[in-house]
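Engineer: Protein chains in written order, with numbering that gives the first Met the number 0: chain V, 0 to 336; chain S, 0 to 336.
Among these hints, one or two may not hold up.
No copy labels: a pair is met if it fits in one copy or bridges any two.
When the alpha-carbon atoms are kept at most 27 Å apart in a straight line, the in silico DSS-like pairs for lysine-lysine are as follows [stated by the list, open to error]:
1. K158 <-> K314
2. K240 <-> K319
3. K212 <-> K285
4. K295 <-> K285
5. K332 <-> K315
6. K315 <-> K50
Simulated from the structure, these hints should not be mistaken for laboratory data.
Number of protein chains: 2
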Amino acid sequence: MKKIVALAFMAASLMANSLIDDAKNAGLKAIPESPSELLKLIDNPKNPITKAKVKLGKKLYFDPRLSKSGLISCNTCHNLSKGGDDGMQAAIGHKWTANPHHLSSPTVYNAVFNDKQFWDGRSPDLEDQAQGPIQATPEMAATPEHVVKTVTSMPAYVKEFKEAYGYDVKITFKKIADTIGTFERTLVTPAPFDAFMNGHEDAMTKEQKEGLKTFIQVGCASCHNGIGVGGSMGAMNVTAKYKYMNVGDFKGDKNGMVKVPTLRNVTETAPYFHNGMVLTLQDAIKEMGRIQLGTKITDKQAKSIETFLGALEGKKPYIKLPMLPATNDNTPKPVVK
Amino acid sequence: MKKIVALAFMAASLMANSLIDDAKNAGLKAIPESPSELLKLIDNPKNPITKAKVKLGKKLYFDPRLSKSGLISCNTCHNLSKGGDDGMQAAIGHKWTANPHHLSSPTVYNAVFNDKQFWDGRSPDLEDQAQGPIQATPEMAATPEHVVKTVTSMPAYVKEFKEAYGYDVKITFKKIADTIGTFERTLVTPAPFDAFMNGHEDAMTKEQKEGLKTFIQVGCASCHNGIGVGGSMGAMNVTAKYKYMNVGDFKGDKNGMVKVPTLRNVTETAPYFHNGMVLTLQDAIKEMGRIQLGTKITDKQAKSIETFLGALEGKKPYIKLPMLPATNDNTPKPVVK
Numbered sequence: 000m001k002k003i004v005a006l007a008f009m010a011a012s013l014m015a016n017s018l019i020d021d022a023k024n025a026g027l028k029a030i031p032e033s034p035s036e037l038l039k040l041i042d043n044p045k046n047p048i049t050k051a052k053v054k055l056g057k058k059l060y061f062d063p064r065l066s067k068s069g070l071i072s073c074n075t076c077h078n079l080s081k082g083g084d085d086g087m088q089a090a091i092g093h094k095w096t097a098n099p100h101h102l103s104s105p106t107v108y109n110a111v112f113n114d115k116q117f118w119d120g121r122s123p124d125l126e127d128q129a130q131g132p133i134q135a136t137p138e139m140a141a142t143p144e145h146v147v148k149t150v151t152s153m154p155a156y157v158k159e160f161k162e163a164y165g166y167d168v169k170i171t172f173k174k175i176a177d178t179i180g181t182f183e184r185t186l187v188t189p190a191p192f193d194a195f196m197n198g199h200e201d202a203m204t205k206e207q208k209e210g211l212k213t214f215i216q217v218g219c220a221s222c223h224n225g226i227g228v229g230g231s232m233g234a235m236n237v238t239a240k241y242k243y244m245n246v247g248d249f250k251g252d253k254n255g256m257v258k259v260p261t262l263r264n265v266t267e268t269a270p271y272f273h274n275g276m277v278l279t280l281q282d283a284i285k286e287m288g289r290i291q292l293g294t295k296i297t298d299k300q301a302k303s304i305e306t307f308l309g310a311l312e313g314k315k316p317y318i319k320l321p322m323l324p325a326t327n328d329n330t331p332k333p334v335v336k
Numbered sequence: 000m001k002k003i004v005a006l007a008f009m010a011a012s013l014m015a016n017s018l019i020d021d022a023k024n025a026g027l028k029a030i031p032e033s034p035s036e037l038l039k040l041i042d043n044p045k046n047p048i049t050k051a052k053v054k055l056g057k058k059l060y061f062d063p064r065l066s067k068s069g070l071i072s073c074n075t076c077h078n079l080s081k082g083g084d085d086g087m088q089a090a091i092g093h094k095w096t097a098n099p100h101h102l103s104s105p106t107v108y109n110a111v112f113n114d115k116q117f118w119d120g121r122s123p124d125l126e127d128q129a130q131g132p133i134q135a136t137p138e139m140a141a142t143p144e145h146v147v148k149t150v151t152s153m154p155a156y157v158k159e160f161k162e163a164y165g166y167d168v169k170i171t172f173k174k175i176a177d178t179i180g181t182f183e184r185t186l187v188t189p190a191p192f193d194a195f196m197n198g199h200e201d202a203m204t205k206e207q208k209e210g211l212k213t214f215i216q217v218g219c220a221s222c223h224n225g226i227g228v229g230g231s232m233g234a235m236n237v238t239a240k241y242k243y244m245n246v247g248d249f250k251g252d253k254n255g256m257v258k259v260p261t262l263r264n265v266t267e268t269a270p271y272f273h274n275g276m277v278l279t280l281q282d283a284i285k286e287m288g289r290i291q292l293g294t295k296i297t298d299k300q301a302k303s304i305e306t307f308l309g310a311l312e313g314k315k316p317y318i319k320l321p322m323l324p325a326t327n328d329n330t331p332k333p334v335v336k
């Protein structure tokens, strides 16, 4: 009896190992368990992560006064309480303007693992990306001058900048965006998938493992791979065959490529695709099979893949709501028009 | 020498005591240090505070899906990171609509100490108040049905409701608002003023104590009194003589009365007055002297009072950013139009 149990255990173990191997061979990678290994992956040598920067960057991320209106913060569209995005089809910004290209806000969680940022990959990293929405007229609509003046007006911010960058620091728009980017680098959410890939076989359910198999067999991992389970610039021109390609005028990068979004926390970030036109995950899975893999994904397969995607729902970092320094007479006034 | 020190100490102590007595005689009260005493003050016998309700109420407070657009939460206008309000002159809501009466969002911190809620005092308590902005067209613009359907669509919310109210609970709009109100009751911010009034003489600086004296002597405490240092329905018709009374059509309650706002955290909640037309605290202090007390408050007095108001800047409760349950196919979709 003991022998049979032991054999069954070995067989199960081998099966699990072979699934881990299959996943690795398909290009999937886990978030490492070792903090130092993880730090190496998320750090930016040109703007190293420090506690002081993260602390300040978190405040700036939540501060709506960086926007022209004083109403919109990074967290408005990349809501850390809501899977890191806003749940909208097209993002809504300054003066209630919908994104002119009908683009949906991607999640900020695990965005550090993206090869490039923005749907067309025009930005190399989070520090650079953070400069975009702050200035975009239909988003936060601020000028760099407004942002610098706002931050510099508050002694508590100036003090934190000095603590983060040194006492002779000049507060620039770039440095403000850098600091926000640093905070965003820490927004990593390890999931049952990672525990499984790191050798904890029980971290995923039997059904999730079946889903992972289907995910690999169908070919999803040919684009959704790496630590981000996505995040590269795509292997095909998605707009060519995408059912809703005419919603919005977004045409991808210069090669017509659209960034492959991370599938981490995808169960929390409906609606789907760059223009948010697909409302459910199963529809998104099937549409991807049709246009990217040239295959008809069955209901059963879609459901199985969806079950696996649940194993990518990660543990969110513990975030204490920051208390922001008070506005004073030198702080630029909100302009809502 | 020892004798002199002892005498000086006694004299200082007597002076401090006499200032505390003066403040008490002027109707000012401290937030009690004893948690059980405080709980008695903030509790609602008809909707008792429980851990489960506070936990759920906090999530609902931060959930923008309670609004029609899916973009506006209670925290949008009553931002807990920013002194509990939005820093706007007139609140901005659904479709970027400014408050039609040009009313400014009051702080939610310590709002539990208000005798009544809203600028015209039309609501008796926070539970009742919470129903208002959710439904108001220029604010969250939701119907009670939308709110109930949204909350009920998410199993994690249903579970928390059962944990909070019992397993046969029916999720109603009233109960949702009640739960938000319960969370808001906990948003109390003890300040140096309270420590001083509770006998810790060194909790306020010499200048703040001087400011408190001026505050009492000038007559500010005739309206700004009680634990809220404000919060009652006013002793005068403020709109009659207020410099900016013509900005917006707000005329107060049926007697023309405007609620006296709390002065707790007032250093963090510019701009001032019901229509947000006074930008600085010193101007607000002088305008109040002119229209409410019929006295010219000097620059020196205004500055001294402002210094005292700094002692009302309280310690904010530790708030862990809540993680909200994921939207699913049954959750009403955002409507931004």
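Engineer: Of all the hints numbered above, which does this structure not satisfy? Sort the numbers upward.
Structural biologist: 2
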